[in-house]
Amino acid sequence: MGKAHKLVQWDPHNVKEKLLEKYPAKVARKRAKQIMVNEAMENSTPEIVANVRTIPGIITMRGCTYAGCKGVIMGPTSDIVNLVHGPIGCSFYAWLTRRNQTDAKNDTDSNYITYCMSTDMQDSDIIFGGEKKLEAAIQEAYDIFHPKAIAVFATCPVGLIGDDIHAVAKKMREKFGDCNVFAFSCEGYKGVSQSAGHHIANNQVFTHVVGKSDTEKSGKFKINLLGEYNIGGDGFEIDRILEKCGITNISTFSGNATYDKFASANQADLSCVMCHRSINYVADMLETKYGIPWIKVNFIGAEATAKSLRKIARYFDDQELIDQVEKVIEEEMPAVTKTLEEVYPRTKGKTAMLFVGGSRAHHYQELFNELGIKTISAGYEFAHRDDYEGREILPSLKVDADSRNIEEIHVEADPQLYRPRKTEEELAALEKAGVDFKSYEGLNPMMPDNTLVIDDLNQYEAEKLVALMKPDLFCAGIKEKYSIQKLGVPMKQLHSYDSGGPYAGFKGAVNFYLEIDRLVNSKVWKYMKAPWQEKPELSATYVWE
Amino acid sequence: MGKAHKLVQWDPHNVKEKLLEKYPAKVARKRAKQIMVNEAMENSTPEIVANVRTIPGIITMRGCTYAGCKGVIMGPTSDIVNLVHGPIGCSFYAWLTRRNQTDAKNDTDSNYITYCMSTDMQDSDIIFGGEKKLEAAIQEAYDIFHPKAIAVFATCPVGLIGDDIHAVAKKMREKFGDCNVFAFSCEGYKGVSQSAGHHIANNQVFTHVVGKSDTEKSGKFKINLLGEYNIGGDGFEIDRILEKCGITNISTFSGNATYDKFASANQADLSCVMCHRSINYVADMLETKYGIPWIKVNFIGAEATAKSLRKIARYFDDQELIDQVEKVIEEEMPAVTKTLEEVYPRTKGKTAMLFVGGSRAHHYQELFNELGIKTISAGYEFAHRDDYEGREILPSLKVDADSRNIEEIHVEADPQLYRPRKTEEELAALEKAGVDFKSYEGLNPMMPDNTLVIDDLNQYEAEKLVALMKPDLFCAGIKEKYSIQKLGVPMKQLHSYDSGGPYAGFKGAVNFYLEIDRLVNSKVWKYMKAPWQEKPELSATYVWE
Amino acid sequence: MLLRHTPKEIKERKALMINPAKTCQPIGAMYAALGIKGCLPHSHGSQGCCAYHRSTLTRHYKEPVSAATSSFTEGASVFGGQANLIQAIDNIFTVYEPEAIAVHTTCLSETIGDDLPQIFDKARKDGKVPEGKTVLGAPTPSYVGSHVTGFSNMVKAMAALAEPSTKKNGKINIIPGWVEPSDMEEIKRLCAMLGAEITMFPDTSGVLDGPLTGKYKMFPDGGCTVSDIKASGSSIGTLALGEWCSADAARLLDTKCKVPCSILDMPFGLKATDRFIDVLRTVAGASVPDEIVKERGKLVDMISDMHQYFYGKKVALVGDPDQLISMTEFLVSIDMQPVHIVTGTPGKKFEKCITEIAEEAGITINVKAAGDMFLLHQWIKNEPVDIIIGNTYCKYIARDEDLPFVRWGFPILDRQGHQHFPTVGYKGGLRLLEQILNALLDRKDRDDPEEKFELVL
Amino acid sequence: MLLRHTPKEIKERKALMINPAKTCQPIGAMYAALGIKGCLPHSHGSQGCCAYHRSTLTRHYKEPVSAATSSFTEGASVFGGQANLIQAIDNIFTVYEPEAIAVHTTCLSETIGDDLPQIFDKARKDGKVPEGKTVLGAPTPSYVGSHVTGFSNMVKAMAALAEPSTKKNGKINIIPGWVEPSDMEEIKRLCAMLGAEITMFPDTSGVLDGPLTGKYKMFPDGGCTVSDIKASGSSIGTLALGEWCSADAARLLDTKCKVPCSILDMPFGLKATDRFIDVLRTVAGASVPDEIVKERGKLVDMISDMHQYFYGKKVALVGDPDQLISMTEFLVSIDMQPVHIVTGTPGKKFEKCITEIAEEAGITINVKAAGDMFLLHQWIKNEPVDIIIGNTYCKYIARDEDLPFVRWGFPILDRQGHQHFPTVGYKGGLRLLEQILNALLDRKDRDDPEEKFELVL
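Chains as they are written, first to last, in my numbering: chain A, 1 to 545; chain B, 1 to 545; chain C, 1 to 457; chain D, 1 to 457.
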């Protein structure tokens, strides 16, 4: 898109109107509530509707509950056999298609991430029921692989035909003795997006795995990292930094996770939540059942990373750790600054749009700010209101029909294992010192005024938005990538990056700076018009040599 | 070529007529003498004219003297820097284009075969002379590589402008002291084919290198292998067999040769000549100067290999060696027989034509005979009459103008190093026992009656010959390969095999059997006509399903 | 090792599929529907299916792939998806204004028994289908057959649009089957050279190989128009390429519109292309132009020029039935030796076809329909091969077993070119030879000991 | 190591060329002459030259290459080659019956000063040149310039056949330069799409990419006819592609026949093709058809789709000036980074062109004309690259330095495809991108640690 077009003025309310004008009335009404102009209002902050049904026929970015459960949460695990009960497709599409990395270092370690396992249900199974086949498949998987655990995932028809996958799982678990078998009722039709799948995954992992390890985990400062999926190696970079600081990461949910790490999560002394949306359930349950407090962290962005490290140090309230963290930051920042200084002149003043996930549309603004790139519109694909407006509104949220169908498990303090990590007084003191527990402020406060916050943005709106606001960069997922780029606007995938990464931590920041520099300054965007389209007139007589 | 055509009857004299009919009278007369019907005549064998000028404008298979000297004889050496004095082309075309193999095993060994070095003469050098540049180039080569020896080759213009390359070589040789520099006046216009180049190479290597080594070579049965160029690894296979027999190969001329091996050739006790045409000069000189007898051998063909080994053993007249040779033959033959039995049913009864080199058109008939393939026409590209009719006719050959220009060097017994390996009596006894010294019977005796022996076959005759006699296989060089194959007849390169090899020795025989089986039985030759060409008629109404 | 848990020893499996060589019907239906001009594919199920299919097709083509979904909720799954689908049809025609909507079902809507024709009627009655617009639908239960079946079912649904007619228009219908846009382009080029007037559906050329111009067209210029599809009932005959992909549609045209048909192999390789051209020139009553003969001759020429490198090389293949049958014939015809062949698509008939080719060539081939890549890998461990040909998932086997690998089939997620350069026809054959040759010769250049490293090949 | 004696330290050489990046003039003249229909190239020198040129061209094309020679003997070298050449002309016309003989000289005949025009006159006087047959000749001394110069000289000799004329025939002459048969075919296709009537010479398409049919044609159907070449004097203008290959001929047409000309870069890559099409549509007064626009858009699309893999990758290049200039521009335009460029052909102008491209892109490039591959290798040792692009001889450097390698240029002796698939034009650009991408991604797939091994690229 030539520079010429870059000075367009737009008013967010006009833009919103334009996005809605073509819709049938009913659709327009619904979408109007999910498109929010971020502006100061006297004594109230603007509300946005989220986590509501996708409109049939409106091309959405969203996936299903199975995708959230199997694809997002359980997919990144390495030594658990993930067995999909259903027709082949669901298992096939979730086969290595997210860039979760697992480093089962030595060849004897178990790593099933490259395998795709399914019961490949046939019509006979639909008619006569699939439990027998599921049972046989679990047995075959056990006989071939002898894994520590087998996770079973239900796809749409399973729930409809009434296969009791949990009963089958229980039966096989007991039969094997040395292999934990558990199941997830994550049929695709449940809920309104991937989000429901996250919740279901959280519940089952917590119920069937957490607390099951009897090996004692050592470490002076033990944390869990919740909601980090090691896309493109993000988790590796974060672990590198934590290690350097002397912080022990007991269990990541669920990047590069192993069965044993999940099982030991209860041994940590602090839970650090990256992706609030997908994992806050586990954080809460860990606190209730084991007494582990949780804080929100963000390792996307160099500054954010430093901030999060300091927060953790402050929680453990140990001078040695506090000093070490400062030392690490001091060591890591020069490389970051150097790259930033190099690319900043080329990125500063550009504009971006982000429509991803349940936190990335928020987290990545840290990096864009560092690059001097303004986010002019953003939103989530499967978030809830608290991800926009902050957890403080949680009490005011009503549970609708779709959410009600998602099991809420009730946990209470574990008679043996519950151990409050801090006294009420300590907690209060830490709160004062700025360690805000169980708190997440949401996306909106981060957005500049008069920008557009849009929930569940769809293909039609995305195209309009780009045409009207002409950003220099658009961030979403693979489905959106090429329709945006056809418009001449570079598009960066921020769910499962199309390439590159890690983008977390300090090294990640450097990678991201360079990647964005590449995208917004690539020569290719200048080539969309051929010379004869630039100058169509035929010079009457051609000037020969 | 469909089997249908395979029963064509032809009379060699008719074929000969057809080959000549289109030529201008003068050309026809000349070619008539080089096309010989191999037939019994009362008390005389048919004569053939060879080693005569190529006819301008008649597309020939031949190359030039430079190609014979630098390309064939000196090219295969590994640790001699071959520097071409002339415009760039000659050096470029001889750069790795023959499949000579060199195994400078460890990385510290010198191996220049992958390098192409030239003085890249420019017009100024042509005008003002190139000696200065040659001198500078030799110096630069010496400074960069510090080789044992540098060989300089003259291309056409060098002789014409009168550069004295031998003087320059001498000057540099003396200047360096630790690097032998010598030159070859192998301008392309000399002689009538590559053959002149062989002769020139023989002379210079003998003059400047042979006998120059002071290191004593040990070994009970020491031979030289003359005229084997290690195309596709032939020499490696022969060396493997010799070693297994306990025979020490002091020096191969010139496959995988090193300066030191050449220099030690005088230490052998027998010279074994593979390619009589290209190297018999050296064999003679080694005998005259050092007293080393020579015999003709042939390692192409399993039987021929066995025969040659026995001949060598008989020469050394040592029971242990004789037994060992028999043992080796016994060990090697089963694999050969096994493969032969497998392919024979598919190759037997096929026909072949061979037009290669100065001995291969002869040697390879051994392999074809083993395969049951009849050679219906053959000839050499650059041979002399003795290669056809045998050395006994040598005395009767007159030296023509073109040959007279090729230096004949005169050697005599070396005062220090001459040492007759056998007494006259021993030699006579061995002769009786069938060890025929200094003897080569030539191609003709091997050819079946009423086949055609054609010297310096050209493109036009080749095409006609194939059209008339429809062989199942044609053997020549790369220039001929595709015009023959366009006719639907598989073509095997037998100078520098287009691929595969080794074909010498026992393992080579196996390779060759399989290769010929592949060629004559490849499915592709059935595909030359499309179905609609086989059945052009349009069935009035197409029969739908 | 990437597939470190794959044992050499083969145990029979009855229930567990590992590393599938197929996926489910709907994605095939979606790909086919993209071959109708101005058509928006619609997935009648929960939204995940649609998301997955769009992602996979997008990664394969690096192009936008638009499709809508009924976004089933739990409620819809209980009470049926009619309301969702009708609302979707309304929204789609209002917002995106396609010429047609091609609906395919899913395991979900099939399990609950949604009846598309009945829902379409309702939608029409309710005036949700604007004048002149088309809605078509195909049942594509994910628990039957494979992605190939779904493709075939949607193509059959297209054929169902054809209108019977007494007067023929002289055209020939060509149903190309699941091939790349570049292949469809090439088939059209060959027909044009031969002077055969054709209607080809589906036709994804111009749809999934689009240019970058600064404009985004949700409905690109390519595709077979609905009116052409309707007129296919007036054609003189139908050539269906591929029994699995195209035969059902062709036979429907026959029964419904009395348009006779011929089922041919997909024109991959020399012989299958020969048969295609020969039949085409016969039904078109045209003579084959020199240009085609020349293209053919070039293919034969390259086979002969490079035969020494193909000869006897062992090949492992995975893919879809129609493609594999032609490819196997092609490999055998150049004296290569397919030894292991797997398709995920069920059907003993496939095994029979492959076995016939093997017997005719006097070789034996391990072949399995409804097989998976886990089995293929185990076969390879038991009898190693020189090269593997298949979709991108083969790269894990290729790396573990250190095999040369030619990407061919669906999906190809990690390389470009397949959407631009055809592998059908004689020119396509040249490309296949080039790719196989490059894979084999790159390996040779890597592995040859230094003394045997070759300048000339 | 294959090139184990190549030191990292660079010493200046004044006299010794090692591993040349050029060969001598005559082979270029021979290749050009094959682009005339029914023409037999003839080498006026000793027979070795002809044998070498035929062998090299044959290995590059895997096709028969016919050419004759004067087979100089020592005598001829002393007394001059007139007798040999006249005898050759007589034999050739009698035995092979070509339409034309294109004679080029050699270092030998140039050194002894043979005068072709004078010999041709004699041949005609002696009646050795049959009625209606053509003999043309070019001086191609091997000790001047390079194979590119020889090509240019023979093309100039063709232009010399052009006949001046006052009435124009509306055609445009295109002198394609030394490109592959497939490239010439592609240039003709683009011109036809644009509706430009052209005469292209030389034209080796149909000559060196022949079919296997069971027949051997010494003079295949392809090539530009002598009469068309003669008529090129009536064209409205000449587009010469490549200063080094084509400019002299174009300028001769201008001076001799008043046919004005434009010297363009060879249409490799996006921008050079843009310029070619833009000039062509201007001189042809035609508007560019959508089809071409679409092809262009596809090329731009693939650049954007795969940009992350091209971006910043360092390239070493060796080849001929005209090709290298366009390729360098193309690589820079996709954000790759050429760092070392060598051509064996002399001419400071080449270094200037490359340096201009580098400066415009704000990068520095090591460039040398009249350089050699020994120097290129040393440069690479001093500043490593991510990929090397050049002729087959690069494979020795590629293996020693473990570099991805794209074969492009002359000669390619160890792979197939170049004669069938063009690299000029937009489609050619797609192929170049595909080849570069395959080389880079194959390496990535080889080197990625297991945890980073990617399914989707």
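Where hints are given, some of them may not hold.
Stated by the list, open to error - Here are the simulated DMTMM-like pairs of lysine to aspartate or glutamate, each with C-alpha atoms no more than 20 Å apart in a straight line:
| no. | chain 1 | residue 1 | chain 2 | residue 2 |
| --- | --- | --- | --- | --- |
| 1 | A | Lys529 | D | Asp121 |
| 2 | B | Lys526 | C | Asp278 |
| 3 | D | Lys381 | B | Glu131 |
| 4 | A | Lys529 | D | Glu359 |
| 5 | D | Lys444 | A | Glu515 |
| 6 | B | Lys507 | C | Glu451 |
| 7 | C | Lys215 | A | Glu534 |
| 8 | A | Lys523 | D | Asp290 |
| 9 | C | Lys217 | A | Glu463 |
| 10 | A | Lys105 | C | Glu451 |
| 11 | A | Lys33 | A | Glu17 |
Hints were generated in silico from the structure; no laboratory data involved. Keep in mind that this is a model prediction, so the values were computed, not measured.
Structure-based check of all given hints:
1. A distance of roughly 55 Å separates the Cα atoms of A:Lys529 and D:Asp121; the hinted pair therefore is violated under the 20 Å criterion.
2. Taking the CA atoms of B:Lys526 and C:Asp278, the gap is about 17 Å. The hint holds against a cut of 20 Å.
3. Of the supplied pair hints, the one linking D:Lys381 and B:Glu131 is violated, its CA atoms being roughly 33 Å apart against a limit of 20 Å.
4. A hinted pair counts as satisfied when its Cα atoms are at most 20 Å apart, and A:Lys529 with D:Glu359 does not qualify at roughly 24 Å.
5. Of the pairs offered as hints, the one joining D:Lys444 and A:Glu515 holds, with about 18 Å between alpha carbons and a cut-off of 20 Å not exceeded.
6. About 18 Å separates the Cα atoms of B:Lys507 and C:Glu451, which keeps this hinted pair within 20 Å; it holds.
7. About 15 Å separates the Cα atoms of C:Lys215 and A:Glu534, which keeps this hinted pair within 20 Å; it holds.
8. About 24 Å separates the Cα atoms of A:Lys523 and D:Asp290, which puts this hinted pair outside 20 Å; it is violated.
9. For the hint pairing C:Lys217 with A:Glu463, the CA-to-CA distance comes to about 10 Å; that is within 20 Å, so the pair holds.
10. A hinted pair counts as satisfied when its Cα atoms are at most 20 Å apart, and A:Lys105 with C:Glu451 does not qualify at roughly 37 Å.
11. Taking the CA atoms of A:Lys33 and A:Glu17, the gap is near 12 Å; set against the 20 Å cutoff, the hint holds.
Checked against the numbered hints listed earlier, the structure breaks hints 1, 3, 4, 8, 10; every other hint is satisfied.
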